[in-house]
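In our numbering, the protein residues as written are 1 to 375.
The hints are simulated quantities; they were obtained by calculation from the structure and are not laboratory data.
These figures come from a predicted structure and were not determined experimentally.
C-beta: ideal position from N, C-alpha, C; glycine also.
Careful, some of the hints might be misleading.
Below, computed lysine to any residue pairings styled on SDA-like, alpha-carbon distance capped at 25 Å [claimed, not checked]:
1. Lys85 - His366
2. Lys85 - Thr61
3. Lys85 - Gly51
4. Lys370 - Leu219
5. Lys85 - Leu124
6. Lys85 - Asp47
7. Lys85 - Ala31
8. Lys370 - Gly281
9. Lys370 - Leu355
10. Lys370 - Ala190
11. Lys370 - Pro359
12. Lys370 - Thr314
13. Lys85 - Ser66
14. Lys370 - Pro97
15. Lys370 - Lys85
16. Lys85 - Arg121
17. Lys370 - Asp210
18. Lys370 - Phe360
19. Lys85 - Val260
20. Lys85 - Ile48
21. Lys85 - Ile259
22. Lys85 - Leu234
23. Lys370 - Val351
24. Lys370 - Gly269
25. Lys85 - Leu26
26. Lys85 - Pro45
27. Lys85 - Pro123
Taking CB as the label site, the calculated pair distances span [to be verified]:
28. Ser178 - Ile259: 42 to 52 Å
29. Ile62 - Asn183: 14 to 24 Å
30. Ala185 - Thr267: 45 to 55 Å
31. Ala58 - Gly269: 25 to 35 Å
32. Ala193 - His366: 48 to 58 Å
33. Trp363 - Leu207: 28 to 38 Å
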Amino acid sequence: MSTLAPIQGNTASPSCTTQLRFWLLLGGLTALLLVSITLGVTLGPVDIPVGAVWRIAASETINVLSDITSLELNSWVNIEANWTKAQFNIIWLIRFPRVLIGVFVGAGLAVVGVTMQALVRNPLADPYILGISSGASVGAVMVLAFGAFAFAGIYAISVGAFLGAILTFLIVFLLAQSNGRLNPARLILAGVAVAYFFSGLTSFITLTSDNRELARAVLAWLLGSLAGTNWVELTLPTAVLFFGSVYLVLQARGLNALIVGDETAATLGVDLTRFRRSLFGVVSLVTGVMVAVSGAIGFIGLMIPHIVRLMVGTDHRRVLPVSIFVGSIFLILVDVIARTAFDPVELPVGVITSLLGGPFFLWLLHRQMKERGGM
1 MSTLAPIQGN
11 TASPSCTTQL
21 RFWLLLGGLT
31 ALLLVSITLG
41 VTLGPVDIPV
51 GAVWRIAASE
61 TINVLSDITS
71 LELNSWVNIE
81 ANWTKAQFNI
91 IWLIRFPRVL
101 IGVFVGAGLA
111 VVGVTMQALV
121 RNPLADPYIL
131 GISSGASVGA
141 VMVLAFGAFA
151 FAGIYAISVG
161 AFLGAILTFL
171 IVFLLAQSNG
181 RLNPARLILA
191 GVAVAYFFSG
201 LTSFITLTSD
211 NRELARAVLA
221 WLLGSLAGTN
231 WVELTLPTAV
241 LFFGSVYLVL
251 QARGLNALIV
261 GDETAATLGV
271 DLTRFRRSLF
281 GVVSLVTGVM
291 VAVSGAIGFI
301 GLMIPHIVRL
311 MVGTDHRRVL
321 PVSIFVGSIF
331 LILVDVIART
341 AFDPVELPVG
351 VITSLLGGPF
361 FLWLLHRQMK
371 ERGGM
């Protein structure tokens with residue numbers, strides 16, 4: 001039987017069509033992200049006109065570029081300053097940093113979730129479920145309670161959260177080993193057990209500390225919140241998310257091989273020990289920094305990867321970039337709901353993500369059990 005050669009000309013190959021759809025999807029998500037940022041800045045107890053939001057953003061961006069380049073860009077671009085001081089303070093000093101930290105945290109937790117699910121080959125893996133967020137919280141609370149890692153200055157909390165995250169990851173990974181192999185069922189059980197242990201340790205540190213304000217800070221931390229963010233706090237999350245995401249996207253082929261199985265990955269030339277160690281480090285760093293600035297926001301790393309795979313398939317070369325956008329958009333919108341839907345009460349974003357993530361986790365668990373024929 002003869003095979004037909006592909007027709008050259010106007011007919012696009014399937015790979016070209018897939019690539020076109022992927023880039024169109026990224027373009028659409030970019031537009032949706034800008035819309036989400038606009039909503040996040042304009043909506044609140046005081047509604048702000050959309051025009052004022054982007055005029056202020058453009059004006060301040062030009063001022064920053066002028067300082068960096070020593071050029072008088074203000075004389076080239078004339079933006080009429082027709083906003084009040086109150087509007088400027090609300091938009092530039094309060095809401096923009098809050099929305100942008102939502103972008104970074106949502107993207108970071110989504111990318112971590114994708115990587116962890118490939119790393120341990122378990123669709124239920126997530127920094128929150130496996131106790132990574134709880135370990136990071138312990139490290140951060142130790143900084144608040146005892147002044148640990150004071151040498152790191154303003155980044156002490158991030159250092160403590162990173163060390164707590166990587167320690168927890170190693171403990172869970174070792175407990176999940178069975179005869180030298182990673183057992184998915186033991187992984188979830190170990191993660192839940194370690195999460196409870198570190199949550200108890202956090203409570204112990206809080207209740208035995210002489211710092212009376214610590215309990216209030218820790219409670220806000222454990223519930224997860226984007227409130228109170230300033231521009232200085234954006235520096236480290238921006239750098240960590242950028243370099244961590246770039247590294248993970250470059251390792252997409254290795255993640256594709258790893259999810260098939262260790263034997264297949266080794267056959268394809270992947271150095272499993274070195275590869276896993278590097279992934280452990282990057283995932284722990286990103287998780288620790290994001291928890292340090294926002295608290296323990298759960299289930300984003302669980303839900304977003306599955307939603308994205310329904311959109312683009314399982315190839316990590318597409319899953320990782322799309323997850324960055326979807327995670328950012330998701331957390332911005334959740335934060336908008338948390339601070340507007342129950343006005344005048346503002347809920348922590350972690351409460352909303354838990355209400356959404358709990359049923360999602362049960363649905364995934366039910367689907368896994370059904371595919372395997374029961375318990």
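Results for each hint:
This hinted pair does not check out: Lys85 and His366 have alpha carbons roughly 53 Å apart, beyond 25 Å. Between Lys85 and Thr61, the direct Cα distance comes to roughly 17 Å. Compliance with the 25 Å bound is thereby established for this hinted pair. The straight-line distance between the Cα atoms of Lys85 and Gly51 is roughly 15 Å, inside the 25 Å bound, and the hint therefore holds. Note on Lys370 and Leu219: the hinted pairing is violated, with a Cα-Cα distance of about 37 Å set against a maximum of 25 Å.
For the proposed pair Lys85 and Leu124, the alpha carbon gap of about 48 Å is over 25 Å, so the pair is violated. Distance hint between Lys85 and Asp47 is fulfilled; the C-alpha atoms sit about 15 Å from each other, no more than 25 Å. Of the pairs offered as hints, the one joining Lys85 and Ala31 is violated, with about 29 Å between alpha carbons and a cut-off of 25 Å exceeded. In summary, the hint linking Lys370 to Gly281 is not supported, as the alpha carbons are separated by about 34 Å, beyond the 25 Å threshold.
In summary, the hint linking Lys370 to Leu355 is supported, as the alpha carbons are separated by about 24 Å, within the 25 Å threshold. Simply put, Lys370 and Ala190 have alpha-carbon atoms about 23 Å apart, close enough for the 25 Å limit, and the pair holds. Only pairs whose Cα atoms come within 25 Å are accepted, and Lys370 paired with Pro359 is accepted, the gap being roughly 16 Å. Using a Cα cut-off of 25 Å, the hinted pair Lys370 and Thr314 holds, with the two alpha carbons roughly 21 Å apart.
Note on Lys85 and Ser66: the hinted pairing holds, with a Cα-Cα distance of about 22 Å set against a maximum of 25 Å. Using a Cα cut-off of 25 Å, the hinted pair Lys370 and Pro97 is violated, with the two alpha carbons roughly 44 Å apart. Our distance criterion of 25 Å between C-alpha atoms is broken by Lys370 and Lys85, whose separation comes to about 59 Å. Taking the CA atoms of Lys85 and Arg121, the gap is near 52 Å; set against the 25 Å cutoff, the hint is violated.
Proposed proximity of Lys370 and Asp210 is contradicted: the alpha carbons are some 51 Å apart, above 25 Å. For the hint pairing Lys370 with Phe360, the CA-to-CA distance comes to about 15 Å; that is within 25 Å, so the pair holds. For the hint linking Lys85 to Val260, the alpha-carbon distance of about 57 Å lies beyond 25 Å, and the restraint is violated. For the given pair, Lys85 sits about 13 Å from Ile48 by alpha-carbon distance, which is consistent with the 25 Å threshold.
Between the alpha carbons of Lys85 and Ile259 the distance comes to roughly 53 Å, so the proposed pair goes past 25 Å and is violated. Restraint check for Lys85 and Leu234: satisfied, since their Cα atoms lie roughly 23 Å apart, inside the 25 Å limit. This hinted pair does not check out: Lys370 and Val351 have alpha carbons roughly 29 Å apart, beyond 25 Å. With a CA separation close to 34 Å, the supplied pair Lys370 and Gly269 exceeds the 25 Å bound.
Between the alpha carbons of Lys85 and Leu26 the distance comes to roughly 36 Å, so the proposed pair goes past 25 Å and is violated. For the suggested pair Lys85 and Pro45, the alpha carbons sit about 17 Å apart, so the restraint of at most 25 Å is met. Annotation: proposed proximity of Lys85 to Pro123 is violated, straight-line Cα distance about 49 Å (limit 25 Å). At about 19 Å, the beta-carbon gap between Ser178 and Ile259 misses the expected band of 42 to 52 Å.
Our hint of 14 to 24 Å for Ile62 and Asn183 is violated, since their Cβ atoms are close to 56 Å apart. Between Ala185 and Thr267 the beta carbon distance is about 26 Å. The supplied range of 45 to 55 Å is therefore violated. At roughly 48 Å, the beta-carbon separation of Ala58 and Gly269 lies outside the given 25 to 35 Å, and the hint is violated. Evaluation of the 48 to 58 Å hint for Ala193 and His366 yields a failure: the beta carbon distance comes to about 22 Å.
The hinted window of 28 to 38 Å between Trp363 and Leu207 holds, with their beta carbons roughly 36 Å apart.
Comparing the model with each earlier hint shows violations of hints 1, 4, 5, 7, 8, 14, 15, 16, 17, 19, 21, 23, 24, 25, 27, 28, 29, 30, 31 and 32; every other hint is respected.
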